[in-house]
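Engineer: Residues per chain, in single letters:
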Amino acid sequence: NAGVTQTPKFQVLKTGQSMTLQCAQDMNHEYMSWYRQDPGMGLRLIHYSVGAGITDQGEVPNGYNVSRSTTEDFPLRLLSAAPSQTSVYFCASSSMTDYEQYFGPGTRLTVT
Amino acid sequence: GEDVEQSLFLSVREGDSSVINCTYTDSSSTYLYWYKQEPGAGLQLLTYIFSNMDMKQDQRLTVLLNKKDKHLSLRIADTQTGDSAIYFCAEKNSWGKLQFGAGTQVVVTP
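As they're listed, the protein sequences go chains A and B. Numbering of the first sequence is given in this note's numbering, commencing with residue 8 and proceeding in unit increments. Numbering of the second sequence is given in this note's numbering, commencing with residue 2 and proceeding in unit increments.
These are computed hints drawn from the structure, not numbers from a lab. Please read all numbers here as calculations on a predicted model, not as lab measurements. Don't take each hint at face value.
As the list claims (entries may be wrong) - Below, simulated EDC-like cross-link-like pairs (lysine to aspartate or glutamate); rule was C-alpha separation at most 16 Å, straight line:
{"hint": "1", "chain 1": "B", "residue 1": "K98", "chain 2": "A", "residue 2": "D105"}
{"hint": "2", "chain 1": "B", "residue 1": "K69", "chain 2": "B", "residue 2": "D27"}
{"hint": "3", "chain 1": "B", "residue 1": "K98", "chain 2": "A", "residue 2": "D45"}
{"hint": "4", "chain 1": "B", "residue 1": "K98", "chain 2": "A", "residue 2": "E107"}
{"hint": "5", "chain 1": "B", "residue 1": "K98", "chain 2": "A", "residue 2": "D33"}
{"hint": "6", "chain 1": "B", "residue 1": "K98", "chain 2": "A", "residue 2": "E66"}
{"hint": "7", "chain 1": "B", "residue 1": "K68", "chain 2": "B", "residue 2": "D55"}
{"hint": "8", "chain 1": "B", "residue 1": "K37", "chain 2": "A", "residue 2": "E107"}
{"hint": "9", "chain 1": "B", "residue 1": "K37", "chain 2": "B", "residue 2": "D59"}
Here chain B stands alone, though its shape is the one from the complex (with noise of 0.2 Å):
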């Protein structure tokens, strides 16, 4: 069945690089998203990708697909407190299906 996967914390000192990988079995997915949730708030979307592309840039955010391997990873550049979130990885099938990780807690310290 399908299945994403990623690393459920990472701590980031302020001003640095943080990279968040995530991994996928589905092999039909269409587009692959990373969603932002605050403390207490909703899932907000931050970026997405197109499982035909292997690199997309939006300010500060950079999401890298592996097709191949299944791989996608969201590097944020220089990181700020306002970052601290959990941060969930999701694939999107053929039939519109969003399967979701379990969420990376990052933690930003100054």
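The shape of chain A in the complex, shown without the other chains (with noise of 0.2 Å):
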């Protein structure tokens, strides 16, 4: 069992470049979501999803697209990064029912 994981833990980017940053986790959640982490503003959802084939946006979606074609796996894509989309990017996932949040270890990315 090994929680929710993430990749990559770094990542430096030219201002235009795409990138996917993955996200997998093994509980058999329904629910998963992205957030961001930038100084002085806590964490900002981007987008979420409540199980395979269902994804909704949160509070900061732009420049991002995700899809959840299995109830593993919930990546994030940078279809074309700009420097204000460097961050750090937490991914999460939840039973519906449970309390606990899991969160994976982060990706820090940086878009020059």
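Starting from the two chains in their separate frames, assemble the complex, guided by the hints.
Structural biologist: Following this line, the structure appears as structure tokens:
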């Protein structure tokens, strides 16, 4: 039982490049989400999913795409990276009925 | 829409009690949480409270919930230097969506 895994841990991109941040969980959780954390702003919800095939926008979805083809995986895609997307990204998962949200270790992304 | 607010900074002397406050707006909240984040680290779940409770105690931590006023607080007794961190309040609605506050930076001074 690995919990929530995220790859990569660190990434540097040039403006305009694309990439996918990977997130996987092995707890059969229905709910998965992506957050970004910026200094002084806490965690802001980017996108979330309540089950395979169902995704919805959070607070700051622009510039990001997600898909949920399986229960386990919830990748976050940056189509054309911008310096404003420099941040630390956290993936989380939970059961709809349980109290605990499980967080991945984070991905530190720098866009130059 | 949903909103979670908390004060940004708290300074406390070692050995004193710390109280961190949080307000939220979503009346469909099921659970409310306190997370701790140390520099360069991820989020550590400290404690949580179910929305139909008004108090929960866990060793040095006491959580108070006033559901009518949508006010949540975290009291840390006998604050230690290792308690210096950012503390996030969060609420989970009936869909499982988690909304975070901006975090309170707690600095413990000797």
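Engineer: Now, for every hint given, state plainly whether the structure supports it.
Structural biologist: Comparing the hints with the structure gives:
A C-alpha spacing of about 12 Å is found between K98 of chain B and D105 of chain A, which places the hinted pair at or below 16 Å, so the restraint holds. A C-alpha spacing of about 12 Å is found between K69 of chain B and D27 of chain B, which places the hinted pair at or below 16 Å, so the restraint holds. Between K98 of chain B and D45 of chain A the alpha-carbon distance is near 20 Å, which puts this suggested pair outside the 16 Å criterion. The suggested pairing of K98 of chain B with E107 of chain A holds, with an alpha-carbon distance near 12 Å, which does not exceed 16 Å.
Of the pairs offered as hints, the one joining K98 of chain B and D33 of chain A is violated, with about 19 Å between alpha carbons and a cut-off of 16 Å exceeded. With a C-alpha separation of about 11 Å, the suggested pair K98 of chain B and E66 of chain A falls inside the 16 Å cut-off, and the hint holds. Only pairs whose Cα atoms come within 16 Å are accepted, and K68 of chain B paired with D55 of chain B is accepted, the gap being roughly 8 Å. Under the criterion of a C-alpha separation no larger than 16 Å, the hint pairing K37 of chain B with E107 of chain A is consistent with the structure, at around 14 Å.
Restraint check for K37 of chain B and D59 of chain B: satisfied, since their Cα atoms lie roughly 15 Å apart, inside the 16 Å limit.
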